[in-house]
Amino acid sequence: MLENIFTTVLNMSITASIVAIIIILVRAIFHEALPKLFSYAIWGVVLFRLLIPFSFSSMLSIFNIIPTTQILIDNAQSIGAITYIPNEIGTIQDTSTNIGNKIINDVIKSSLPTSLSHTSIPQTIKVALLVAGLIWLTGMAVTLAYCIYTYIKASYRLKIAILVKDDNSLKECRQNLNINRKVELFSSDNINTPVVYGIMKPKIIIPKLLSEMNNDDTKKYIIMHELVHIKRFDYLLKPLSVLALCMHWFNPIIWLSFKLSQKDMEIACDEKVISAYDTDIRSKYATSLINMAAKQNGFFNGSLLSFSESNLKSRVKGIMNYKKPVLFIGITVVVVLAVTAVVLLTNPAKTTEVFSNKGINTGGDNLETSTINEMLPALSPPFELSEAKFTLNNRAMRLKLIMTKGTHITDGDVGPYGTDYYEGNLIGEVYDNQDKLVFSTDMSKYFTESIIFRDKFNLLFDEYNGDGFADFTVGQYVASNYNTFNIFTINSSGEITLLPVKNSPDGIIVSKYDEYYSTKFSKTQNEEIKVFVYDMEQGKNIEVSYQWQEKEFVALTDKTQPVQRQNTKVALKSGSTVNSNDLIPNKPKGFKS
Amino acid sequence: MEQIKIFDAEYKFMSLIWEQQLPISSTKLVKLANEELGWKKSTTYTVVRRLRERGVLVNENAVVTALVTREQVMRAESEDHIDKVYDGSLKLFFTTFLQKEKLSRDEIHELKKIVDSYTKKEE
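Those protein sequences? They're chains A and B, same order as listed. Following the numbering used here, the numbering of the first sequence begins with 1 at its first residue and continues without gaps. Following the numbering used here, the numbering of the second sequence begins with 594 at its first residue and continues without gaps.
It is worth saying that the hints were derived from the structure and are not from the lab. For clarity, every value in this text was computed on a predicted model and none was experimentally measured. Where a beta carbon is used, it is the ideal one built from N, C-alpha and C, also for glycine. Please note that a few of the clues may not be correct.
If you want the ones that stay clear, here's a sample from chain A, every Cβ over 10 Å from chain B, calculated [what the hints assert, rightly or not]:
1. I24
2. A28
3. H31
4. T138
5. N190
6. T279
7. P325
Within a straight-line C-alpha distance of at most 30 Å, the following computed DSSO-like cross-link-like pairs (lysine-lysine) qualify [said to hold, decoys possible]:
8. A:K201 <-> A:K126
9. A:K436 <-> A:K400
10. B:K605 <-> A:K208
11. A:K153 <-> B:K621
12. B:K633 <-> A:K201
13. A:K201 <-> B:K706
14. A:K126 <-> A:K182
15. B:K624 <-> A:K208
16. B:K634 <-> A:K171
17. A:K231 <-> A:K313
18. B:K706 <-> B:K684
19. B:K633 <-> A:K208
20. B:K634 <-> B:K621
21. B:K684 <-> A:K165
22. A:K153 <-> B:K706
23. A:K389 <-> A:K324
24. A:K201 <-> B:K624
25. A:K436 <-> A:K512
26. A:K238 <-> B:K634
27. B:K621 <-> A:K208
28. A:K520 <-> A:K405
Kindly generate the complete structure, drawing on both the sequences and the hints.
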């Protein structure tokens, strides 16, 4: 669990860092020519990336160029999360344990439900992530605790600030900026720089000295400055940024971004103050700032949470250099800002599907798949694939599925099976309770395509044809969203035979199943098998039932189906293609082999 | 005397209590603080708690009574100021003070009276 949270944070950190570096470069290249409002606004993208792990996909995303993988969270809305380190969003943790003793391992394995995790991460990396996660959590707790501590310490002094009633400067400034929200002005003798305090009802607190200065415009300009912060909700953005900083305390790029974004925020605020007046107040405004700074006596400095007046030199410089923008430029800036935001804020359009081990896919128009590199537990030849207990004629028996002839492919092409899988035959061995082999069946003949397994799996038994003999399923991957399952039964002599499906030599096609290689089918009240198959035309899973008729399963036609359906090509693992219409047994035609 | 108060705001708050000259109910005090200082109820209660911890006032049965007078506070603040700025030397304070301030005849007369009565006490 912690590993997942940590990898999510790490992924967010990397994504945000990429965006931050781009922004820093752009700022460095354009320097003074870049409107500070632009820089200030675009830092919002970094903040978003730091706090929210997912985003919408778009063709304009810069991440279409930068190599990443993306996990789809909601296919319908094209919302996904960018990952650099494999994340197990939506997958069950691998529950296998290794105590070191084979017998105990086997005992544990047979009693635990094995999870089929095609994205499972090996134990050593898992442990490393857990340790790193703990370090991260500690670091975050410490940084957060420090921030909260300084805030609380500061808050008493700010809370007892005294209300300044009927202040004309405040009224004037509020009108100037068109702020309808109620903002109150307070005065305090223990701060030396003005502060915006409060989350719900922001208050402006100014030093006592300032509140008594009514002869020049200093007070007015200072109040204007704080009101601009209020108008732009900076008093909410600041704590959010601090929170993001605590979460990403380990990332120096984020620390730099924080410092630069605060600087840009102040300068953008100054620019707004100047542009709010018709006359040129630049030198008067700059003088006010210098006056304020001169009165600092180190009395109180909650710089992390208040709007500190650091960077005075760059602010004064920025103020004197400020030129009121022509309307045309203003609009251009907004357009460029919007485009840049989309480029940096959205996720890549190409979606790479990750197999969740539940195999439940609600989408599927994109058949191009890639996998995250996964490592299989080593199987020893003959490759033992599965083992399960079952009852035959009231006797306890054991079924073992093994691959006696085959290849362990470790450098396979990037495709649905990844680079590591086993391809070969399938033998089913039935043992009695004295561990004597009763019957060995070569099940390979029941499969039309080559048999491929990536992992050991759990065999799921049930009764499907009502003959009293235990049945089990063995599945194979066909295409994304489609798996086929053959239903086998074991007769009294221990022989494994196939329970065929009419017009479907590969068995029952499903889009929803427990695990890739074996599943338990739901049954209707009439003891019919009920499965879900994804219909691409309708864009949803539809229910199909199969009824056992004498010697085979027959698909019952789904009467709610529209007859006309667009025929699209579905790529099979073998490279051949099949028509989508054929996958839905309304017009059963079987696979082309 | 230990530090009684630091903040101007706390002093103004105590002024509200001193002006009453009688113990004041906490609800009335909250209302007063809100009107005069713009404080929320929780703020007033926090300040009362802090001042109570410093021995400046007591809060019994929702009635607040000051334990120090305004004069005591002024004295403590002045002593503290002289300690800090004039290294505890009262003489230095007065000479500096007199150099800057222009006193009226009446004020000089008053000061003389105070010094005289003080000298008398010493004898």
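| said: Hints numbered earlier in the text: which of these fail when held up against the supplied structure? | reply: Those not satisfied are hints 5, 8, 13, 14, 21, 22, 23 and 25.
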